[in-house]
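Below, each chain spelled out in residue letters.
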Amino acid sequence: MLKNSENREFLVIVTLLAFASANGFWLIPEFVVAEGTSGHYPILLNWIFALLSTGYLIDHVVTRKQKKGKVSRAEDQGYVRPEVPAPLESKGVGISLLHGIKVALILLSVFIWVFLQETIGFFFATFCFLCATTLIYGERNWKKIIIFSLVFPLVVLLVFLLLNATLPTGIVEETLRNLVK
Amino acid sequence: MLDIFLQLWEGFLMSFTLANILGIAAGYGVGIIAGSIPGIMGVTAMVLILPFTFTMPPLFAIAAMMGVYKGACFAGSITATLFNIPGTPEAAATAFDSYPMSQSGQQARALEIALWASVIGGTLSNFILVFSAAPLSAIALKLGPAETAALILFSLTAVISLLGNTRTDIWKGGLSVVIGLMIATVGLDPMESTRRYVFGLTELDNGIPFVLAVIAFLAFAEVLEQVGQMTIISLKKSGEKAKQIPYSWKGRWQDLKFCGKELCRASLLGSLFGAMPGIGAAPAAFVAYGEAKRAAKDNSLFGKGDPRGIAAPEAANNAVAASSLIPLVTLGIPGSVAAAVLFGAFMVQGMMPGPMLMRDSPETLYGLFALFIMTDFIGGFCVALPFLALVKRIFVTLNYSLLFPAVIVCCGIGVYAEEFHVFSIVLLGVLGGFGFLLHRNGFNIPALVLALILGPFLERQTRTAMLISGGDPMIFLTKPISAGLLFLAVAAIAWAFWKRMKKGSSG
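One line per chain: the protein sequences are A and B, in this order.
The opening residue of the first sequence carries number 1 in full-length UniProt numbering; numbering runs sequentially from there.
The opening residue of the second sequence carries number 1 in full-length UniProt numbering; numbering runs sequentially from there.
Honestly, the hints are just simulated from the structure, not real lab data.
Hints are supplied without guarantee of correctness; some may be wrong.
In the EDC-like style, the derived pairs of lysine to aspartate or glutamate whose C-alpha atoms are separated by at most 16 Å in a straight line are [stated by the list, open to error]:
| # | chain 1 | residue 1 | chain 2 | residue 2 |
| --- | --- | --- | --- | --- |
| 1 | B | Lys-250 | B | Glu-112 |
| 2 | A | Lys-102 | B | Glu-225 |
| 3 | A | Lys-102 | A | Glu-139 |
| 4 | B | Lys-502 | A | Asp-59 |
| 5 | B | Lys-261 | B | Glu-291 |
| 6 | A | Lys-67 | A | Glu-6 |
Full structure from sequences and hints, please.
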């Protein structure tokens, strides 16, 4: 369990340092300086970011060594480390993986929701989006899902109508409105 | 002194309208519901209603936002008392005594003590805000760009130094702040109006809108977090079965007298904690609880249902809510995430909180102070008491698998309503996903959001100071206030590391 979290920590630090390098060597020259903007402030921030990431890396490595040293000394004196079963979350599968998949599905649903709003309009898109996300969140009662997914976007539509604000109509909804007119 | 009273009176005359009262009541109701639902924080509710305030009159909008804030502050104690599940982190300190008292059949007593304490703590802190605003604003007006930049830097380092118990928390806190500052640089350069990090997207020219960033990082990321840990609420039926003892007027008066000293002490403590940027309500509530226990002659009942154990943390956490607005109102620097959201609401309404508002439009500011004072009384006595039973029912019957998708839709339409562009919803997804990843890896989201909000000010003030000095960074060290604040900023970080090294803990 400890090793897993330490490795994850190490991966985070490597990602941070990789970002600092990419920002310094590619993003700032390409998307800040090349646009004619002064790069001083972004460069200063990137240096602070890189220094903090390096400090974090050094601290992490030193602490890891200290922990290892402590354990081996204790083991030298005859201490036997008990086998502690790792909780389900730390096994990398099960809850954590499921959580990751659910989050990815929700994010994907959000992007599809945006695309659908521009094609079939807010009401139908939100109906589909709510059906999908309520399922991801664990609701299995179809009657509840359908009623909720129909009523909630209707309420939002009404509020926006009252506030005299517009919601995305999309090509399909636009065509339907023209047909009704 | 008399001048302040007169201005406050004029503020009351301006703010005491039916519309504002309704705004406070509606906001308080929303805040109570949101604050009592684990997973939906008061700030989340503030963020979600923020887009709906765009079209409201300024004072009504601020009244509603303030109502949500105060309502959520109190609401955390309702579920803590009834089910031992604190709706907000600071309510955990209240639960030590309010839950045992509720279990002994004194539910009404526990909830009412929490309510009284909230109102008294909030009101005392409001008066501290009213009386400190004018002198502090006068000092703030004398601060130049170098001093203001140093003050913002000190606020951010103070936030970092108070994070977590390990050195890792400090590193990640620092990195969170820098990430927030980096995100704030997206868009047009404030001095040269040239583009930065827009990747050819014209939609990013105006930067990442404040409302969008706050909704993405505080509301959407939190909803993504909840999908993995859907709250399973197993209600302890024993509490329901216990015979309830009615709470008499005599009992109310005796409790108030018994807790009077603790209420005053905790309110002052909370006000002090709130005035310092970044500390937040939870540490104030726990310190006030500890202080009440330490000062009590007989503390044997603490943890078993002592009224002082409810009054002290509740008064402290509500005092924090009001006094955390002191840096916002006097210096224009939000000292907490909730204050930052209020700052956004002020800006949307065309008001720039800070010393200039006090100098140019004191009547508006005192009108706001009057609203803050009214919020505690109207919300506490007209909304909270009748809401208690409703909250209990909502909490028991709430379907989380329908609630969270609805919150996502609210987030989506909230960000869409700001610019009426669906690109905002794409950005919400990207930033929300990023916020979720950061949170899962132990980064501090409130620190990131504070930095994101303060980032543009910090950059503008730093660059203005550098322009004044002709590019010489020594300007920050030659001015005594700025040098002092920078010294404090470095000292805060050094202290944080030293304290955690002494503990010998990292990772």
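We went through each hint and held it up to the structure:
no.: 1; hint: Lys-250/B - Glu-112/B; in the structure: holds (13 Å)
no.: 2; hint: Lys-102/A - Glu-225/B; in the structure: holds (10 Å)
no.: 3; hint: Lys-102/A - Glu-139/A; in the structure: holds (13 Å)
no.: 4; hint: Lys-502/B - Asp-59/A; in the structure: holds (15 Å)
no.: 5; hint: Lys-261/B - Glu-291/B; in the structure: holds (12 Å)
no.: 6; hint: Lys-67/A - Glu-6/A; in the structure: holds (11 Å)
The structure is consistent with each of the numbered hints, conforming to all of them.
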